[in-house]
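A.B. asks: Put together the whole structure using the sequences plus the hints.
Residues per chain are reported as follows:
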Amino acid sequence: MEKNVFIEKILKAALDAGIEAAEVYASSNDSFRAMSHNGEVDSYSVASRSGLSLRGLYKGKMGYAATEANDEEAVEQLVKGVMESAELVEDDAVQEIYRGDEKYPEIDNYAPALDRVSESDKLKLLLEMEEKALHCGDERIKQVNYNMLSTVSGSTSLVNTYGLRLNQRDNMIAAYVSVVAKEGERVATGSGFGFGRDFSALSAEKMAAEAVEEALFYLNAAPVPSGVYRVIVDRRCMPDLLSTFAGVFSADAAQKGMSLLAGREGETIAAECVTLMDDPHMKDGLASSGFDAEGVATQVKAVIENGRLTTLLHNLKTARKAGIKSTGNASRGGYSSPIGVSPSNFYFKPGSKTLGELMTDMGNGLVITDVSGLHAGANPVSGDFSLLAKGYTVENGQKGRAVEQITVAGNFYTMLKNIRAFGSDLEFVGSPVGSPSVDVGEMTIAGK
Amino acid sequence: MLDKRIAQEAIDCALSTGGDFAEIFYEDRLNNRVSMVSGKVESVNSGRLHGAGVRVYLGFRGIYVYTNDTTREGLIACALRAAGALHADERINAQPLKATEYVNRNPILVMPSAVKTARKIEKMRAAQAVMGNYAEIVQNSINYSDSEQRVWIANSDGLYTSDTRVYTRMFITAIASNGTENQTGTEGPGALQGFEIFDSRIDPEAAAKKAAERAVTMLHAPACPAGVMPVCIDNGFGGVIFHEACGHSLEATSVATGASEFTGKLGQQIAATCVTALDDGTIPNEWGSENVDDEGTPTTKLVLIENGILKNYMIDRLNGRRMRMPVTGSARRQDYSFAPTSRMRNTYIASGNDDDAEMIATMGDGLYAKSMGGGSVNPATGEFNFAVQEAYIVKDGKIDHPVRGASLIGRGSELLTRIDRVGKNMKMAQGMCGSLSGSVPTNVGQPMIRVSSITVGGC
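Going down the list, the protein sequences come from chains A and C.
Last residue of the first sequence: 448 (the numbering used here), numbering continuous.
Last residue of the second sequence: 459 (the numbering used here), numbering continuous.
These are calculated hints, taken from the structure and not from any lab test.
Among the hints, a few may not be true.
[Claimed, not checked] Covered by chain C, per the in silico footprint, the following chain A stretches (three or more residues, Cβ under 8 angstroms):
(1) 44-53
(2) 257-270
[Claimed, not checked] Once the Cα atoms are required to be at most 25 angstroms apart in a straight line, the calculated BS3-like pairs of lysine-lysine come out as:
(3) Lys-209(C) <-> Lys-256(A)
(4) Lys-427(C) <-> Lys-210(C)
(5) Lys-325(A) <-> Lys-103(A)
(6) Lys-353(A) <-> Lys-417(A)
(7) Lys-116(C) <-> Lys-40(C)
(8) Lys-40(C) <-> Lys-321(A)
(9) Lys-206(A) <-> Lys-142(A)
(10) Lys-210(C) <-> Lys-40(C)
(11) Lys-448(A) <-> Lys-395(C)
(12) Lys-265(C) <-> Lys-182(A)
(13) Lys-427(C) <-> Lys-209(C)
(14) Lys-80(A) <-> Lys-123(C)
(15) Lys-116(C) <-> Lys-59(A)
(16) Lys-210(C) <-> Lys-424(C)
(17) Lys-301(C) <-> Lys-427(C)
(18) Lys-349(A) <-> Lys-283(A)
(19) Lys-123(C) <-> Lys-256(A)
(20) Lys-210(C) <-> Lys-398(C)
(21) Lys-80(A) <-> Lys-40(C)
(22) Lys-301(A) <-> Lys-349(A)
(23) Lys-116(C) <-> Lys-80(A)
(24) Lys-40(C) <-> Lys-59(A)
(25) Lys-256(A) <-> Lys-210(C)
(26) Lys-80(A) <-> Lys-12(A)
(27) Lys-424(C) <-> Lys-395(C)
(28) Lys-209(C) <-> Lys-40(C)
(29) Lys-182(A) <-> Lys-142(A)
(30) Lys-142(A) <-> Lys-265(C)
(31) Lys-206(A) <-> Lys-283(A)
(32) Lys-256(A) <-> Lys-40(C)
As the structure is a computational prediction, the values presented were derived from the model and not from experiment.
Ideal Cβ positions, reconstructed from N, Cα and C, are used throughout, including at glycine.
C.D. replies: Following this line, the structure appears as structure tokens:
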């Protein structure tokens, strides 16, 4: 069935069945993904996928159902699913289908030229990435163990029984190359990454060089002795930490007692140099959007301003509970997920110093460039983290030797208070969460 | 369902511009999720996942195309798109499809779709009620999920088969707080079973009690000290250490490309002689079991390591070609939107001969990791890390006091050789494992083991 016909059919069936107000949230996308190994494209996947969910108010409660099939049977399944789920929900919070805002910001997340790039040009770039990495002139680079390029072009629509009709298109390309360096018994990996909406801006040479440089540098890595160290978390690593703990800024988590920031709006929760932005209007931002997952117009705001918590992130339900207006941060993990809360483009405001200047100020310590195990070694509820890390030493302000097989441990809330300075090198690397390099003060390191 | 004649047509189309193998994977899945926060049902969500993927190869070159449009026209278009991307000069003719039957090892007594959601909520309430017994538990969430996945697989070798996989799981999170600090405890029992799981495998009250007590214990625990020390890891989810430190590096995905530290080591001693490890997809109704894998190959019971000697890798079709080795029924994928690759199923260290109490009594000073969190690994370097949910400091062979925030790091190959005790009581636990072909249900397992020395990250 044609999509718009299908959506109108569902909404009509919902109203006919006695659902008071309903909304269809639909997403569809075309994707391309290829990987190569030893100069041959060995995995190549193209797809069109679409799905939608129906959300509806029935007897005052919100019900949900979702489908990828678009037949008559699906219409019935959706309407029945919404009614059954609404009847079982016990959440007392008043929920609503949004009537819409007067104005929505115009967000341009779609580059038509990217959709016109041919598959053969994409494959050419993919093979070039591997080629450049393997023939970098250093025989310690033995292998490219992961080489991938993907594009996705999609649209999201929100249509409801109050006549609200919102639609947004976006597309994007991402490429990733990872190399293995070997010397004797030593093995290390390094990766290079590129993304954006401008195909011609992606350089195979640059990505390959990044990967090679990292792998070679870590070939000589070794742990440092356990102890308390001065630490800078660099701009590639801090976004991983920040996104792991982004949930603590959600009013939904706070109202459920899962964030220690509950009720602390207006208080100082971080060092004075800390300003944390949520900017859904950012040009070429991965999470840029004119409307959120409930159809509320989005807005730019500081969540922490000069150390003070100005607001938590809200959707309609949490805002109503708190007696304020939604901040336009309703989100859905996928078209079939329930409404939650999440930041859009989320980043620490940069300072004025270069990474080199931050290192000079620190004198002796460590720069952490990578942490792994965030899904297990970081606890968003307590703020505690203890993570496998790598990086390098800083001796008298200068870059020293490579470090690996250490863990860096701390607490996110404590870290916010201990931050001494931000670098000027803010960058978004394939994620809507970004950060400059950050001097985080002291941290506990476990090594040899 | 996937009609046999349409499947044959689609396979022929997929090979129309060449290729030496083609396959179609068709999926129809019903998912149900109920979430309860502090005793109130917060959401009830049902969804239907529906689509198909067509794969075509020539040698090591593979094309995968998937779609939601599962009409005859949609599947043919999908197959032609795959053929168009391959442009091969060689081709084979597909064998006529012949339905393959097998004995269903994973019987389902009560389909979750036949059970009213209200009854599912009753089970959640039983778990929830336990939380009230703990004053420090300020918040809890109970999630219930079930899934009925029906797959049909046909390929150019003439295979036409199907499998039904029914999963039921309950996931419990308890949060203890003293006002300024929070700690969590989780339990997530599940199986490849229908609603009858609540008559045998899942005791909601017992699981909730475990989660709550763990959160409370950790709230009163001081931070774990950092350093290198001996560690005893308890059974059940403790098996995640083998999963991360070794299992991923034995998947053909990383072995075939030479990226794994265990490439080329078949027949060699890679672990201490007390270590025997298996990956078994045939255990009836276990979380990681299937009748056939996602390439339609019957699943197997595979010895990975026997008395420390590497015996087998887990191999899917494409990597089997690269390695010139037979498939092991290990090809899995999250859903039709992923091409399959080699994955773990129920992976565990087999029971040994050592005594749990002796292990701790003779370890001196170290750490007893009673309950593990998740972890991850870089298969190229073997570097792994994982979190310990519930840990205790051992002083002079005696369990002394709980500590929070511990994590374990190291390299898989080193860890395997440092295992010096393997207990007698193997137990498995459920997890979701993420890799190239998405997130799939896997069991981890082991008896209690001891590692003579490992880096512990504290906080």
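A.B. asks: Are the hints correct? Go through all of them and say.
C.D. replies: Hints versus structure:
1. 44-53: This one holds; 9 residues, not fewer than the three required, reach chain C with a Cβ under 8 angstroms.
2. 257-270: holds (count 3)
3. Lys-209(C) <-> Lys-256(A): 20 angstroms, holds
4. Lys-427(C) <-> Lys-210(C): 16 angstroms, holds
5. Lys-325(A) <-> Lys-103(A): 16 angstroms, holds
6. Lys-353(A) <-> Lys-417(A): 19 angstroms, holds
7. Lys-116(C) <-> Lys-40(C): 18 angstroms, holds
8. Lys-40(C) <-> Lys-321(A): 16 angstroms, holds
9. Lys-206(A) <-> Lys-142(A): 19 angstroms, holds
10. Lys-210(C) <-> Lys-40(C): 21 angstroms, holds
11. Lys-448(A) <-> Lys-395(C): 21 angstroms, holds
12. Lys-265(C) <-> Lys-182(A): 17 angstroms, holds
13. Lys-427(C) <-> Lys-209(C): 19 angstroms, holds
14. Lys-80(A) <-> Lys-123(C): This hinted pair holds, its Cα atoms lying about 23 angstroms apart.
15. Lys-116(C) <-> Lys-59(A): 19 angstroms, holds
16. Lys-210(C) <-> Lys-424(C): 22 angstroms, holds
17. Lys-301(C) <-> Lys-427(C): Status holds; Cα separation ~17 angstroms.
18. Lys-349(A) <-> Lys-283(A): This hinted pair holds, its Cα atoms lying about 16 angstroms apart.
19. Lys-123(C) <-> Lys-256(A): 22 angstroms, holds
20. Lys-210(C) <-> Lys-398(C): Holds, at about 22 angstroms.
21. Lys-80(A) <-> Lys-40(C): 22 angstroms, holds
22. Lys-301(A) <-> Lys-349(A): 12 angstroms, holds
23. Lys-116(C) <-> Lys-80(A): Cα-Cα ~13 angstroms, so holds.
24. Lys-40(C) <-> Lys-59(A): Holds: Lys-40(C) and Lys-59(A) sit about 17 angstroms apart, inside 25 angstroms.
25. Lys-256(A) <-> Lys-210(C): Between Lys-256(A) and Lys-210(C) the Cα gap is close to 21 angstroms, so the pair holds against 25 angstroms.
26. Lys-80(A) <-> Lys-12(A): Given that 25 angstroms is the threshold and the Cα spacing comes to 13 angstroms, the pair holds.
27. Lys-424(C) <-> Lys-395(C): Between Lys-424(C) and Lys-395(C) the Cα gap is close to 24 angstroms, so the pair holds against 25 angstroms.
28. Lys-209(C) <-> Lys-40(C): With a Cα-Cα distance of about 19 angstroms, the restraint between Lys-209(C) and Lys-40(C) holds, given a limit of 25 angstroms.
29. Lys-182(A) <-> Lys-142(A): Between Lys-182(A) and Lys-142(A) the Cα gap is close to 6 angstroms, so the pair holds against 25 angstroms.
30. Lys-142(A) <-> Lys-265(C): 18 angstroms, holds
31. Lys-206(A) <-> Lys-283(A): 23 angstroms, holds
32. Lys-256(A) <-> Lys-40(C): Satisfied, since the Cα-Cα distance of roughly 11 angstroms is no more than 25 angstroms.
When the structure is compared with the earlier hints, no violation turns up for any of them.
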